[in-house]
Structures are given as structure tokens and as C-alpha cells.
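Asker: Numbering (the UniProt record's numbering), first residue to last: 1 to 55.
In short, the hints are calculated from the structure, not lab data.
Predicted model, so just to flag it, every value in this text is computed and none were measured.
Backbone N, C-alpha and C fix where the C-beta goes; we use that ideal spot for every residue, glycine too.
Wrong hints could be hidden among the right ones.
Label-pair restraints from in silico Cβ distances [said to hold, decoys possible]:
id, residue 1, residue 2, range
1, Cys11, Pro39, 13 to 23 Å
2, Asn15, Asn41, 15 to 25 Å
3, Ser8, Pro39, 32 to 42 Å
4, His34, Thr13, 16 to 26 Å
5, Arg31, Cys7, 22 to 32 Å
6, Arg35, Cys7, 28 to 38 Å
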Amino acid sequence: MIYAASCSALCATRNVLLQISSGIKHLHHLRIVHRDLKPANILLADAKVGKRKRS
1 MIYAASCSAL CATRNVLLQI SSGIKHLHHL RIVHRDLKPA NILLADAKVG
51 KRKRS
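Between the sequences and the hints, there should be enough to build the whole structure, so can you do that?
Answerer: See the structure below:
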């Protein structure tokens, strides 16, 4: 049980890091440099909160 709980936390952490790196990659593709990247500037929200913009 302890292993499963720690794996779940590790998977969640990995998912957040992958999303952050994906966002940075997207900014880089748009030739935007974020010069103040730090934990205080990273916003986390529940996936059910917020709306996706449809193009």
C-alpha cells in the first residue's frame, strides 16, 4: 500500500512537470522567453476548473 501511494504521488508530480515543460516548449516555439520562471509564477488548477478556448 505504501508503494502504491508513493507511486501515485510520483506520477502526479511527473505529470505536472511534463505540463510545465510542454508550456515552456510552446512559448519557445512562439519565440517568447519567460525570464522569471519560478514556482510562484506557476499556477495550478483542477482540470475541471476553467474553460478551453475553442478556435
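Asker: Against each hint, give a clear statement of whether it holds in the structure.
Answerer: Hints, one by one, checked against the model:
1. Cys11 - Pro39: 13 to 23 Å: holds (20 Å)
2. Asn15 - Asn41: 15 to 25 Å: holds (19 Å)
3. Ser8 - Pro39: 32 to 42 Å: This hint is violated: roughly 22 Å between Cβ atoms.
4. His34 - Thr13: 16 to 26 Å: The hint (16 to 26 Å, Cβ to Cβ) holds, given that His34 and Thr13 are roughly 21 Å apart.
5. Arg31 - Cys7: 22 to 32 Å: For Cys7 against Arg31, whose Cβ atoms are near 38 Å apart, the range 22 to 32 Å is violated.
6. Arg35 - Cys7: 28 to 38 Å: holds (35 Å)
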